[in-house]
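**Q** As a plain string of letters, each chain reads:
2 protein chains.
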Amino acid sequence: MKGNVIVGQSGGPTAAINSSLAGVYRTARDRGANKVYGMLHGVKGLMEEKYIDLSEHIKSDLDVELLKRTPAAYLGSCRYKLPDIHQDMSTYEKIFEILNKLDIETFIYIGGNDSMDTIKKLSDYSLLTGSEIKFIGCPKTIDNDLALTDHTPGYGSAAKYIGTSVKEIIRDSYCLEYDKGVVTIVEIMGRNAGWLTGASILAKGEDCVGPDLIYLPEVVFDLNKFKEKVIKLLEKQPSVVVAVSEGIHTSDGKYVCELGSSVDFVDAFGHKQLTGTASYLCSFIAGELGCKTRAIELSTLQRSGSHLASRVDILEAYQVGGAAVLAADEGDTGKMVTLVRHSDDPYQCGTEVKDVHKIANDEKLVPREWISKDGSYVTNEFITYVRPLIQGDVSPIMVDGIPRHLFRPVERK
Amino acid sequence: MKGNVIVGQSGGPTAAINSSLAGVYRTARDRGANKVYGMLHGVKGLMEEKYIDLSEHIKSDLDVELLKRTPAAYLGSCRYKLPDIHQDMSTYEKIFEILNKLDIETFIYIGGNDSMDTIKKLSDYSLLTGSEIKFIGCPKTIDNDLALTDHTPGYGSAAKYIGTSVKEIIRDSYCLEYDKGVVTIVEIMGRNAGWLTGASILAKGEDCVGPDLIYLPEVVFDLNKFKEKVIKLLEKQPSVVVAVSEGIHTSDGKYVCELGSSVDFVDAFGHKQLTGTASYLCSFIAGELGCKTRAIELSTLQRSGSHLASRVDILEAYQVGGAAVLAADEGDTGKMVTLVRHSDDPYQCGTEVKDVHKIANDEKLVPREWISKDGSYVTNEFITYVRPLIQGDVSPIMVDGIPRHLFRPVERK
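Taken in order, these protein sequences are the chains called W and B.
Quick note: the first sequence, position 164, residue 164 per our numbering, numbers continuous.
Quick note: the second sequence, position 192, residue 192 per our numbering, numbers continuous.
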């Protein structure tokens, strides 16, 4: 590599996004990049010329290992949508001025759907203006909803956290007995795609019954059918555990969480912030059946639980970071690295690069046939898909009883 | 030992209560007990003659290791308060009839304050009637509020889970920037005692700022002072993370979670079920400051997160189970095993037995001097106390990517 590399992180945090950062850094250094910069808080920070020299932060092999075990975005993240090129050239001129000043040859952006939109626009602008900077996207999202890739780094670790936590919740739920039974509803992230909620099935095994009902946002949710299912289950068992996606909605398109309260917060991409689905369903069930209920939101824990990361996930995230640098160095631009599964058992998976225009803003949902007919469970195909992605552990580096992370002091005002 | 042993689990689940069960079982077998029975769902199940022969469940050394790593109560638990002896002799006659039928010599009850009340009453009745059955209590509670013992098995693992999770939440909270900042409020269990909430301080270290504010139920909570603190913090940093106990209350004795909604569920001991403290405070802060907020309840995850158990805790829980059997075999009754700390560094701790009459229904709170003057943080004394209790790991036995537990098939109706 001749020039410099700049890398940014964008969108929601995951347990694996820093492993991709480590992969970018290491591969860029190995391939002779002069400087590897990290933009702080993605393109938003870059536009304010906020960036760091990563070699001042990652000083040893131990730092690389710590970075792989550090949840959330080491560089800080953003949810910033670039304007359309024809609408606002000045934004692009500004970004390219900064990139040129830093002698950037390769621009890597680690993120999800919205971030691939950024890669698409920047690479388009680059081609329009004859810039030689290469723009490559590196997939990241716990939601696993990116098109064209078998799965997305970050998903496997979240799935492992969800499977383990739901199993522990089930164990807990059978402990105390209540006259009319107890219904526990676990709310899992996923606005439109049920990949995370489906992963609750991983709790099931020889030693655990698993969740009794699993509701994904791909299928319309029916409150009354749900109630009937719960009634039938409570007739034969003392505890019922239900996994629901935060994004489940009724036939009129209304989110279940909106049935109970008004939700106003909307982010820069127009996404509503969803919360309270489990609470609403608990109130509903308690009101209808008079039984004890408990709502549990896995909240940000499920995306930042790096103490329980999947080894497959963390290694793939690292590998994908390296593949992004390699692709740029070989002349690719406007591409995203994808994971291609060659085999389920033994699990084999490699990387390719695909045109980012085919990926940006497209959402990959759980296939309807991987969800049971009545929409209240997932099928064996789903399990076969997710199981290899949670294999192996990345043992935390414990210091005084708590996992150690790589620390970037936060800018104080 | 001549006769048989029966052991029960009572009160809320923890990650360590099964390790005490393993300790009871092993020590009883080692000391020659003929049968070791487990009552299902504590004395409540025992009164319905629901019990199992533990040797049919724990068949190998591997099973013992699995049991130590299985969260919640393997035998099932209950919250059952025995009537006063003079009010209802028949309950006691019934229990003793069952115990005599099973040729029980030793009765071990693993639980918290309410469970020690059970041991007290049963041993009192035993002495009154000249029975030779020995009754010993084995301490267990994540709340760490039992009197006379330095700490309680279950607390260390919960503290480790809380410290680790709060650290991951802090990492996550600094990821995305919001115009007016973001305030994350983490709700932690503890009705009257702040031991668990205080453990959030463990997130703090060379690599993490730790929670910004920590509110324990031992100190009156002032909404306006809280708001002022948050405003000041947001002036200098983009993210504020606050740890609050579910039991914090205002000067008029009202729980904060009651300020927003009505709470009706009350258990057999008259305890209100508390939930919604973080939600209420988030609404309050969002309303007052207009900033982004996020409420996170650690809920049952904090008490059943055995994948992140503390080695010190799990080993002490095991040891305490064994000590209970030993005490009974040496003739003690009406006693509870306690942990006695000899030294903080190096950490040294042993067991003793103490009169259960001095323990039952008494709550050990965090000393006022271990909480900062203004009631918004804990002191170094608190850290010195808790730090040794979270040391070391009990690596989960992973099967296909998920921790394996010892499984007791649940009674289907």
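These are calculated hints, taken from the structure and not from any lab test.
Note that this is a predicted model, so its numbers are computed, not measured.
Ideal placement from N, C-alpha and C gives every residue a C-beta, glycine not left out.
Wrong hints could be hidden among the right ones.
[Said to hold, decoys possible] Quick list of in silico lysine-lysine cross-link-like pairs, DSS-like style, CA-CA up to 30 Å:
#1 LYS225(B) / LYS180(B)
#2 LYS59(B) / LYS204(W)
#3 LYS81(W) / LYS94(B)
#4 LYS232(B) / LYS232(W)
#5 LYS227(W) / LYS180(W)
#6 LYS59(W) / LYS232(B)
#7 LYS229(B) / LYS229(W)
#8 LYS59(B) / LYS94(W)
#9 LYS236(W) / LYS236(B)
#10 LYS225(B) / LYS50(W)
#11 LYS236(W) / LYS225(B)
#12 LYS50(W) / LYS204(B)
#13 LYS204(B) / LYS59(W)
#14 LYS50(W) / LYS180(B)
#15 LYS232(B) / LYS236(W)
#16 LYS94(W) / LYS180(B)
#17 LYS236(W) / LYS180(B)
#18 LYS81(B) / LYS44(W)
#19 LYS50(W) / LYS229(B)
#20 LYS94(B) / LYS44(W)
#21 LYS180(B) / LYS81(W)
#22 LYS204(W) / LYS50(B)
#23 LYS50(W) / LYS94(B)
#24 LYS81(B) / LYS180(W)
[Claimed, not checked] Some chain W residues near chain B, calculated using beta-carbon distances under 10 Å:
#25 SER60
#26 CYS78
#27 PRO83
#28 ILE85
#29 THR184
#30 ARG341
#31 SER343
#32 PRO403
[Stated by the list, open to error] Ranges of calculated distance between the beta carbons of each label pair, as one might list FRET restraints:
#33 LYS232(B) / GLN87(W): 33 to 43 Å
#34 LYS354(B) / SER55(W): 28 to 38 Å
#35 GLY290(W) / SER395(B): 34 to 44 Å
#36 SER395(B) / ARG31(W): 28 to 38 Å
#37 LYS35(B) / LYS373(W): 26 to 36 Å
#38 VAL220(W) / PRO409(B): 50 to 60 Å
#39 ILE52(W) / LYS354(B): 49 to 59 Å
#40 LYS180(W) / GLU97(B): 41 to 51 Å
**Q** Each hint needs a verdict: does it hold in this structure or not?
**A** Hints and how they fare:
| no. | hint | verdict |
| --- | --- | --- |
| 1 | LYS225(B) / LYS180(B) | holds (19 Å) |
| 2 | LYS59(B) / LYS204(W) | holds (23 Å) |
| 3 | LYS81(W) / LYS94(B) | violated (71 Å) |
| 4 | LYS232(B) / LYS232(W) | violated (53 Å) |
| 5 | LYS227(W) / LYS180(W) | holds (14 Å) |
| 6 | LYS59(W) / LYS232(B) | violated (35 Å) |
| 7 | LYS229(B) / LYS229(W) | violated (47 Å) |
| 8 | LYS59(B) / LYS94(W) | violated (70 Å) |
| 9 | LYS236(W) / LYS236(B) | violated (56 Å) |
| 10 | LYS225(B) / LYS50(W) | violated (35 Å) |
| 11 | LYS236(W) / LYS225(B) | violated (50 Å) |
| 12 | LYS50(W) / LYS204(B) | holds (27 Å) |
| 13 | LYS204(B) / LYS59(W) | holds (23 Å) |
| 14 | LYS50(W) / LYS180(B) | holds (19 Å) |
| 15 | LYS232(B) / LYS236(W) | violated (54 Å) |
| 16 | LYS94(W) / LYS180(B) | holds (26 Å) |
| 17 | LYS236(W) / LYS180(B) | violated (51 Å) |
| 18 | LYS81(B) / LYS44(W) | violated (59 Å) |
| 19 | LYS50(W) / LYS229(B) | holds (29 Å) |
| 20 | LYS94(B) / LYS44(W) | violated (72 Å) |
| 21 | LYS180(B) / LYS81(W) | holds (19 Å) |
| 22 | LYS204(W) / LYS50(B) | holds (27 Å) |
| 23 | LYS50(W) / LYS94(B) | violated (74 Å) |
| 24 | LYS81(B) / LYS180(W) | holds (19 Å) |
| 25 | SER60 | violated (15 Å) |
| 26 | CYS78 | holds (7 Å) |
| 27 | PRO83 | violated (19 Å) |
| 28 | ILE85 | violated (25 Å) |
| 29 | THR184 | holds (8 Å) |
| 30 | ARG341 | violated (16 Å) |
| 31 | SER343 | violated (17 Å) |
| 32 | PRO403 | holds (6 Å) |
| 33 | LYS232(B) / GLN87(W): 33 to 43 Å | holds (40 Å) |
| 34 | LYS354(B) / SER55(W): 28 to 38 Å | violated (59 Å) |
| 35 | GLY290(W) / SER395(B): 34 to 44 Å | holds (42 Å) |
| 36 | SER395(B) / ARG31(W): 28 to 38 Å | holds (37 Å) |
| 37 | LYS35(B) / LYS373(W): 26 to 36 Å | violated (49 Å) |
| 38 | VAL220(W) / PRO409(B): 50 to 60 Å | violated (35 Å) |
| 39 | ILE52(W) / LYS354(B): 49 to 59 Å | holds (57 Å) |
| 40 | LYS180(W) / GLU97(B): 41 to 51 Å | violated (30 Å) |
Checked against the numbered hints above, the structure breaks hints 3, 4, 6, 7, 8, 9, 10, 11, 15, 17, 18, 20, 23, 25, 27, 28, 30, 31, 34, 37, 38 and 40 and satisfies the rest.
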